[in-house]
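Colleague: All chains should be modelled from the sequences, with the hints used to inform the complete structure.
The listed protein sequences derive, respectively, from chains R and U.
Under numbering that gives the first Met the number 0, the first residue of the first sequence is numbered 0, with each subsequent residue one higher.
Under numbering that gives the first Met the number 0, the first residue of the second sequence is numbered 0, with each subsequent residue one higher.
Bear in mind the hints are in silico, worked out from the structure with no lab data behind them.
Fair warning: there could be bad hints in the mix.
To be verified - Each computed SDA-like pair below joins lysine to any residue, with the alpha-carbon atoms no more than 25 Å apart:
id, chain 1, residue 1, chain 2, residue 2
1, U, Lys-93, R, Tyr-71
2, R, Lys-58, U, Glu-16
3, R, Lys-58, U, Arg-78
Unchecked claim - Derived contacts from chain U toward chain R, CB cut-off under 10 Å, selection only:
id, residue
4, Leu-14
5, Leu-15
6, Gly-17
7, Ser-54
8, Gly-55
9, Gly-59
10, Leu-62
11, Asp-64
12, Asp-68
13, Ala-90
A virtual CB, placed ideally from N, CA and C, is assigned to each residue, including glycine.
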Amino acid sequence: MYHYTDFDDAFLSERNAQFRAQVERRIDGSLTEDEFKPLRLMNGLYLQLHAYMPDKWDKGYGHFTTRQNIQYNWPELRDVPDMLDALAEVNMHAIQTSGNTIRNVTADHFAGAAADEIADPRPVAELIRQWSTDHPEFQFLPRKFKVAVTGAEADRAVVKAHDIGLQIVKRDEEVGFKVIVGGGLGRTPMIGKVLYDFVSQEDLLPTLEAIVSVYNLLGRRDNKYKAHHRA
Amino acid sequence: MLRPFTPKVITANALLEGDVIYQTPFGWTRQMEEAEVLTDEAHADLRLIEAQAQSGQIVGAYLADVTLDGATPMPVHFREAFRAKGPSNYAHGKQEQF
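Modeller: Given below as structure tokens:
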């Protein structure tokens, strides 16, 4: 499991302090709701938090989502900065859990233990998580954006139903990625299409950057229902 | 001929607690039955402007259609029925009372 570095701790602490000040400014009226909304969304308010939290700040229960996040629906606005500080103490945050951002990266639930996988997808998921977190270019995409990685041929991570799906593959003896784009569920379900049969490991992040940049530039922003990558 | 005006209430969410709230002649309530019913379009628009000006207390005020059971407003759209009853979970929130 990834442990926060000093840089991560300092970044999160600064970010939480900024959000605490933003909440205070919303409550005292110096920020309007329109100004505050993008700030609260990028900090995950629509919070997806930690197991002991509901007893202290919610009503004793949470809601597990399909993506196995947990959401708390009842926290009071004033309590949220304390909740984010408590999360940071256990190396967690709620950044990019909502808003039109690159969301947390998912993998196969048998990752690391599956007999049919070429490689463990979790380090790749963590790499992409680090690349995408607070990526300055991708904070206001046309719509939310999801990436999944599998290490196996059997698609247990449902990579074909993500904006970008990555399948770890081998070409000769080199390990790389099959890149699938444009999948998704929801209102307009669509199976992703293969963009590249093989991308080398060193080309992975530039490839992702290129795909998301094109989407950021050309994706629709006038109609929420046609704004997805697949549309 | 003028289209008849569907009666409305003004609803929003409380800024601090997030609860669903309804405007009354004197402030805000968490019970839809106690909401002020607006039957005149111009008056409804005016009351909405007044509500939206209270951004230090509320978020996202809008007019919601209602039908009347006697004098009591009842939701028309299922979204408003959900909002009036709280989450679809009998053990918590407003539904504990049902």
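Colleague: So, as I understand it, the hint says U/Leu-62 touches chain R; can you test that by seeing if any CB pair is closer than 10 Å?
Modeller: violated, 17 Å
Colleague: Restraint: U/Gly-17 near chain R, CB-CB cut 10 Å. Satisfied or not?
Modeller: holds, 7 Å
Colleague: Checking one constraint from the list: CA of R/Lys-58 to CA of U/Arg-78, max 25 Å. Satisfied?
Modeller: holds, 23 Å
Colleague: Quick check on the hint: U/Leu-15 CB to chain R CB, less than 10 Å?
Modeller: holds, 5 Å
Colleague: Interface hint check: U/Gly-55, Cβ to nearest Cβ on chain R, cutoff 10 Å. Holds or violated?
Modeller: holds, 5 Å
Colleague: If you take the shortest Cβ to Cβ gap from U/Ala-90 to chain R, is it below 10 Å?
Modeller: The hint holds - U/Ala-90 has a Cβ within 10 Å of chain R, the shortest such distance being about 8 Å.
Colleague: Taking 10 Å as the limit, does the beta-carbon of U/Gly-59 come near enough to a beta-carbon in chain R?
Modeller: holds, 7 Å
Colleague: Are the Cα positions of U/Lys-93 and R/Tyr-71 separated by 25 Å at most?
Modeller: holds, 16 Å
Colleague: Taking the least C-beta to C-beta distance, is U/Asp-64 closer than 10 Å to chain R?
Modeller: Where the cut-off is 10 Å and the nearest Cβ of chain R is about 23 Å from U/Asp-64, the hint is violated.
Colleague: Does the nearest C-beta of chain R fall within a distance shorter than 10 Å of the C-beta of U/Asp-68?
Modeller: This hint is violated: U/Asp-68 lies away from chain R, its Cβ roughly 29 Å from the closest one there, beyond 10 Å.
Colleague: Can the hint on U/Leu-14 be confirmed by a CB-to-CB distance to chain R that is less than 10 Å?
Modeller: holds, 7 Å
Colleague: Does the nearest C-beta of chain R fall within a distance shorter than 10 Å of the C-beta of U/Ser-54?
Modeller: holds, 6 Å
The structure shown violates the earlier hints numbered 10, 11, 12.
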